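The listed protein sequences correspond, in order, to chains A, B, C and D.
So the first sequence is numbered by my numbering: it starts at 4 and just counts up by one.
So the second sequence is numbered by my numbering: it starts at 4 and just counts up by one.
So the third sequence is numbered by my numbering: it starts at -7 and just counts up by one.
So the fourth sequence is numbered by my numbering: it starts at -7 and just counts up by one.
It should be emphasised that the hints constitute simulated quantities derived from the structure, not laboratory data.
Treat each hint with caution, since some may be false.
Stated by the list, open to error - With a straight-line Cα cutoff of 27 Å, these simulated DSSO-like cross-link-like pairs (lysine-lysine) come out:
1. LYS307/A x LYS336/A
2. LYS156/D x LYS72/B
3. LYS242/C x LYS72/A
4. LYS247/B x LYS307/B
5. LYS156/C x LYS64/B
6. LYS156/D x LYS64/A
7. LYS99/D x LYS72/A
8. LYS286/D x LYS211/D
9. LYS99/D x LYS265/D
10. LYS242/C x LYS72/B
11. LYS242/C x LYS196/B
12. LYS247/B x LYS196/B
13. LYS196/B x LYS307/A
14. LYS242/D x LYS64/B
15. LYS196/A x LYS156/D
16. LYS64/A x LYS156/C
For clarity, every value in this text was computed on a predicted model and none was experimentally measured.
Read off the chains here:
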Amino acid sequence: MREKSYRNAIRETLYQEMGRDPDIILIGEDVAGGAQSEGTKNGPKKGGEEDAWGGPMGVTKGLIGEYGKQRVLDAPISEAAFIGAAIGAAAAGLRPVTELMFNDFLGVCCDQIVNQAAKYHYMFGGQDTIPLTIRTTMGAGLRISAQHSQSLHSVFTHFAGLKVALPSTPYEAKGLLTTAIRDNDPVIFCEHKMLYRMREDVPDESYSIPFGEARFVMDGEDVTIVAFSRMVHVATDAAKILAKQGIKCTVIDPRTTSPLDTESIFDSVDETGRLVIVDEGGPRCGIASDISAMVADEVFHALKAPIKCVTPPYALIPAAPNLEDLYVPDAAKVVAAVLGIMDA
Amino acid sequence: MREKSYRNAIRETLYQEMGRDPDIILIGEDVAGGAQSEGTKNGPKKGGEEDAWGGPMGVTKGLIGEYGKQRVLDAPISEAAFIGAAIGAAAAGLRPVTELMFNDFLGVCCDQIVNQAAKYHYMFGGQDTIPLTIRTTMGAGLRISAQHSQSLHSVFTHFAGLKVALPSTPYEAKGLLTTAIRDNDPVIFCEHKMLYRMREDVPDESYSIPFGEARFVMDGEDVTIVAFSRMVHVATDAAKILAKQGIKCTVIDPRTTSPLDTESIFDSVDETGRLVIVDEGGPRCGIASDISAMVADEVFHALKAPIKCVTPPYALIPAAPNLEDLYVPDAAKVVAAVLGIMDA
Amino acid sequence: MNNNQSQLLWAYRTMQTIRMFEERMHEVFTTGEVPGFVHLYAGQEACAVGVCANLADVDYFHITHRAHGPAIARGADVTAVALEIYCRADGLCRGRGGSAHLHDAAKKIIGANSGVGSGAALACGSALATRHRGDGGIAVALVGEGGANQGVVSEALNLASVWKLPVVFVFENNGYAEATSADYAIAGGNLSARASGFAMPEAIVDGSDYFAVSASFAKAAERARAGGGPSFLEVRNLRMFGHYEGDAQKYRPPGEVADYRENKDCLKLFRAKVTSENWLDAAELDTIDQDVAKLIDAAYETARNAPLPDPEELMHSVFATEC
Amino acid sequence: MNNNQSQLLWAYRTMQTIRMFEERMHEVFTTGEVPGFVHLYAGQEACAVGVCANLADVDYFHITHRAHGPAIARGADVTAVALEIYCRADGLCRGRGGSAHLHDAAKKIIGANSGVGSGAALACGSALATRHRGDGGIAVALVGEGGANQGVVSEALNLASVWKLPVVFVFENNGYAEATSADYAIAGGNLSARASGFAMPEAIVDGSDYFAVSASFAKAAERARAGGGPSFLEVRNLRMFGHYEGDAQKYRPPGEVADYRENKDCLKLFRAKVTSENWLDAAELDTIDQDVAKLIDAAYETARNAPLPDPEELMHSVFATEC
Ligand SMILES: Cc1ncc(C[n+]2csc(CCOP(=O)(O)OP(=O)(O)O)c2C)c(N)n1
Ligand SMILES: Cc1ncc(C[n+]2csc(CCOP(=O)(O)OP(=O)(O)O)c2C)c(N)n1
Ligand SMILES: [Mg+2]
Ligand SMILES: [Mg+2]
């Protein structure tokens, strides 16, 4: 057990899983960091140092050195083709892990993810499985505007056939990625950009965290707060502030949106009678509404107050730092939402 | 005023709007029905009759004859390029109407729709508008399986910057399409495949139906049923069955999911205290949950019973007719949902 | 290519099976008993059969929405094919895919999967897998000339070259994508001109000539197996029916199909060739025709009378690993 | 191309403005005061400036994430550019787009818009619009050699040819897409080999030579204006800095940038040419250098001290037509 960053916990998982299973291959842009330029008829190899990058987030650095070019494949900027290839390879018996640099680039490989990977197993009558992991980054905070800062887990969740994991800490990242890689369904593994440097103790040996089992971050009998990814920390901060005011919150990190641990959420709301959901995705047709609707159906009679969703507004993500910070939910907004339903 | 099919109501609208505004152009696959083959250096013109198709649904037939090749453009099977081109043309002052054959093909032009069209106006600081209409087809019923039968309006709605219209009848289709074309934002106009043959009286002259204003299909004080597109008819059938049992339903067709007429929904639930939402899209992170969540927040205290969402299951759409019919919500399921909350 | 008698008999039988299967489908479709959209392969048989003549068990064959012919060419059970088109419980895909999504994992027939052209990318993945295993296999992607205009196809051509994958891209140019003619939609009119831009060899083949397709494909397959990387084949033919059943085909010039049936029917040409060369005799071929007719009768009879899937099938295998 | 003095002075001034703007950005970025990712254009100036030398007011210029240089080349106000990069209220896009999304509707500078390469499709639309109006305009799409591997780019090449649009596709091959070298990612290593597959003429141009770019582009633009359809230009150059600021660039061979700065610096080459040909004299150019330095000082000073957008800007212009 050592303290590890979220980034390193992910790299370690890839390293360990690839060591365990030779059918795991890695595909993505710059994942091998320029290592693969061997020159062409037009000239000799041009590149400098091998493995210079390791993907733009540096997560895969070192893996090509260990596992070689046949298993760590740099791809041209052709997400549709290389994710399509990963699906084909998965159906044919490999266990690919691909990197989609930003989840916003769902835009250019949407057919592959939501129509092909998600539907292959079902539409063909269960003949093949698609044990594919798509690692991608989500979230605002880097000031890179509307097309590189989205949190699209709700869109992935809309499509039956995909599993969607949102690790909120380094420990979670390692355990959930292990599960993702070993799972026989396509998994969208959403890494939050602003968490890569977060550090905590993470076991050296490999372990897995089952999908569909929520984590209880805090326990309290007044309000249930459900939050995902980076918002787990925002929710926890809010809960700590509220605790000082005598309001005790249960904070739940469901870890995966598909499958979703509805049981834990329902049980908690049954006890507290109050629910706030905090999510960084868009407010319309998102996971916050999704959970609210399930509770308003299944646990209606336990509810003591309106259900509150704390999400960004129905706007786009601006580059300007002050506007971006306004866009993303913070602890103050969560506190306000909780206070708003305490006397209801 | 004559009886017109949904298909013809749409064609008539295109015809009239194109007559009104010379900057409206039409782009899509087969929209000009093979008319555009003029032969190449490899041989003479090969095609037969001009304008043989009019898109696979036959909607645009006749338009090239009236408005010519400069305004009715057949496109190769390159949705990303031609919808991208439509966006570029819209930003540059035209008012394009494009046809995306099946809404499932969002898959191959997702970046264009959700990242470019939706974000262009905002991200560039409001400098240009994107007066673009994307006509597309939604819905199950043709036994064409999981990748050609989806109802993806919730996904479009998730992305701020898009407007989404779902005409439920021929009259609605004409009025909403007129509004869509004249609107300065990108509008996803979702035509339901199984409604093309529906007929009703539709005025010959042009008229528009404002976005964000719900239609009250039936009035009743016991339950509010909100439904979209073809499900409006399913909901109405259910309401008629329930009426015989003495249960009076308000049936609301919000017409557009973005903008959404929350006021009408809230007011109605305020009165009835009960809400059932019927939708043909997937059950997770969809418009049904979306509306449920808004009501569970804003009209919570009026609620007498759990909110019910009647949607397909979290499955894919199978080709087999019996399974497809099971997948799609029907009146019996709506009746059961209403009965389930009447004594709650 | 192997022009020995059994190979020739197989080729003839297979092409005839497809032809009769499709002619029958064309007939029965009018009764309304076949669900969904149905795209017939009649007229194009020599393409799929010429390709499959050169495939081994380890090879992957990615087919398109015009699926019946290619699936049969690769050895899918004809009755299971009919059952799937009828969306029956015992169809190849348990009735879930229907006509356009025939898929047979055991035979490595990979079904059309969403947007046209997507097989080109998936095939890169099959090729990766077979290379990873070192089993000497290749992947073949069948793509229509209309589907070739999808961006993912160009991406896949480049990717296959960059990764030097054992793939053969077979572009079947049957003149039309729905109502849009290939001459219109392909800039310059010559699809195979794209190959060199992605650094792979190309060939244009007469799709009504089984021998030409087989020979051309054999060369490309050989190159792929030897580690030489991908190739690009453009097979030119026509479909004898509409885009799908129900298509009035008014976009076609008058006489186009009649002329094709008369002069470019791959079955006629094959028969003429093998009999005039004395490789096979006409009586043998007639016997095959009779056998095949019976097989088709039986397959349709079975399909028509078979049960639809159980209702609980709706929720079956949405996920492979339940949580 | 117009080699008259004012044109040459404009070209030099513009290239120098870009260079100094980028060198300054490289410096100030280390202070942390510039938000987001910043991609510098230094080393590539002759490309954008050579193109813009041939554009008229009616023409559309679709640029990329490496936006500063192309925007300035086309006449965007340097201060407004700096303000936008600093995400200030008075930036070109009110601080919403930042460095990668510079856009100036009045100047018909169309900003990078999501996935790399997407400008190729949008440019087809600008071209449609300008043709619809009959104003004699053209559209130019600048696309990086990495972005060229996006499917939408191939689709757009085909579409532009099929519709015979007045577009020039300018592929800027600066050797890398992030850390991935062009030699690796482009099958065969020769991007311009793709042009003929889409039935358009191509040219490969030395991107450090302003005159070569301008001449080559002028020809393509002329063709487009005359109704001859699209062209494909591959401009070869290198970037002098990393993919974005902060990039350690270890994937580059040692000395690559130093050698480029020494021998292929477009500004040096331009200066040498115009002075040795006696078209301009060195003193004039020195004066420009001084002017530009002041302009850059002022622009950065303004940007640094300008206010961020008002909070209510967050909800402004999500929609153009409020309902
Ligand atoms: C991305 C996408 N766009 C449109 C369609 C609808 N569609 C189905 S088949 C077809 C024509 C395909 O033409 P081609 O590839 O030439 O194959 P053919 O039908 O001639 O065998 C079209 C447009 C589709 N399936 N996918
Ligand atoms: C579809 C897509 N994939 C990946 C990226 C991330 N990305 C941004 S710039 C870039 C490199 C682009 O290279 P190139 O087109 O050669 O332009 P250059 O940076 O060299 O100017 C990448 C991969 C993106 N913006 N869009
Ligand atoms: Mg075709
Ligand atoms: Mg580059």
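**Request:** Please work out if LYS99/D and LYS265/D have their alpha carbons no farther apart than 27 Å.
**Result:** The given pair, whose Cα atoms are some 30 Å apart, is violated under the 27 Å limit.
**Asked** When you check the alpha-carbon spacing of LYS196/B and LYS307/A, does it fall within 27 Å?
**Response** Roughly 43 Å separates the two Cα atoms, so the pair is violated.
**Prompt:** Hey, LYS242/C versus LYS72/B, does the alpha-carbon distance stay inside 27 Å?
**Reply:** holds, 19 Å
**Message:** Hinted pair, alpha-carbon criterion (27 Å max): LYS156/D, LYS64/A. Please report holds or violated.
**Reply:** Given that 27 Å is the threshold and the Cα spacing comes to 46 Å, the pair is violated.
**Request:** Below or equal to 27 Å on CA atoms is what counts here, so check LYS64/A against LYS156/C.
**Result:** Holds - the C-alpha atoms of LYS156/C and LYS64/A are around 24 Å apart, at most 27 Å.
**Request:** Assess, step by step, whether the Cα of LYS242/D is no farther than 27 Å from the Cα of LYS64/B, and give holds or violated.
**Result:** violated, 58 Å
**Restraint check for LYS242/C with LYS196/B, where alpha carbons must lie at most 27 Å apart** = Answer holds: LYS242/C to LYS196/B is near 23 Å, not above 27 Å.
**Request:** Mind checking the alpha carbons of LYS196/A and LYS156/D for me, to see if they're no more than 27 Å apart?
**Result:** Not OK: LYS196/A and LYS156/D at ~43 Å, beyond 27 Å, violated.
**27 Å Cα cutoff - pair LYS286/D, LYS211/D** = violated, 36 Å
**Message:** Next pair to validate is LYS242/C with LYS72/A; report whether the Cα-Cα distance is within 27 Å.
**Reply:** violated, 53 Å
**Asked** Going straight from one Cα to the other, do LYS247/B and LYS307/B come out at no more than 27 Å?
**Response** holds, 22 Å
**Message:** Run the distance test for LYS247/B versus LYS196/B: straight-line Cα separation, threshold 27 Å.
**Reply:** Violated. LYS247/B to LYS196/B sits at ~30 Å, over the 27 Å cutoff.
This entry does not satisfy hints 3, 5, 6, 7, 8, 9, 12, 13, 14, 15, going by the numbered hints stated previously.
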